[in-house]
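Chains as they are written, first to last, in the numbering used here: chain P, 1 to 113; chain G, 1001 to 1109.
Misleading hints may appear alongside valid ones.
To be verified - To spell it out: a stretch of chain P is covered by chain G in this simulated footprint if at least three of its residues, at any positions, have a beta carbon under 8 Å from a beta carbon of chain G; those stretches are:
1) 31 to 41
2) 44 to 51
3) 104 to 113
Keep in mind the hints are simulated off the structure, nothing from the lab.
These numbers come from a predicted model, not from an experiment.
Where a beta carbon is used, it is the ideal one built from N, C-alpha and C, also for glycine.
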Amino acid sequence: EAQVTQNPRYLITVTGKKLTVTCSQNMNHEYMSWYRQDPGLGLRQIYYSMNVEVTDKGDVPEGYKVSRKEKRNFPLILESPSPNQTSLYFCASSLRQPGTEAFFGQGTRLTVV
Amino acid sequence: GQSLEQPSEVTAVEGAIVQINCTYQTSGFYGLSWYQQHDGGAPTFLSYNALDGLEETGRFSSFLSRSDSYGYLLLQELQMKDSASYFCAPTGGGNKLTFGTGTQLKVEL
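Construct all of the structure, not just a fragment, from the sequences and the given hints.
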């Protein structure tokens, strides 16, 4: 089954404690991205990756890091989480061609206290 | 720059037809996608328009006018399960998908 898997689904952490949200896809997609969703603000892109070892900033990259060492995995790293990073996070993948369907993971609800 | 506008909320009755409009400004525009998101769920792909005109997929149709930087999603024979948020998402340079704040559709009996 084609899918994007994020872990964990829910996470409560404390300010400053480094965390990683994992994302894995089994569709051999080149393009992967991370979004955060906040009430009234819609989905905003954090980082994206066009292929292995190729990443770039989205609209709201501050406070986040990513890496793309393998095609299937695209982890999101928060080195020093702060309460303003409390949000719902989605990973998505698609073929590189524009307009192809983006598949989203189930989401990770992160709370930073 | 980039901008995206769609209504924040639309209400319609079951069985009716509803149109959700979207205007955009996107550099390196390729086409316009539509996504549906139920509360607490992940966005799911509905349609994509690269060329002007209407694309029909079952009860849903999507329209694009590139010259007007405008598109819409048309939902026919509305059902309660169609209550969700709908996002238009222009694809720009580098296959970058930009999502707006979405339109919350409420379907009433």
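Okay, the hints, checked on the actual structure:
no.	hint	verdict
1	31 to 41	holds (count 5)
2	44 to 51	holds (count 4)
3	104 to 113	holds (count 4)
Comparing the model with each earlier hint shows no violations; every hint is respected.
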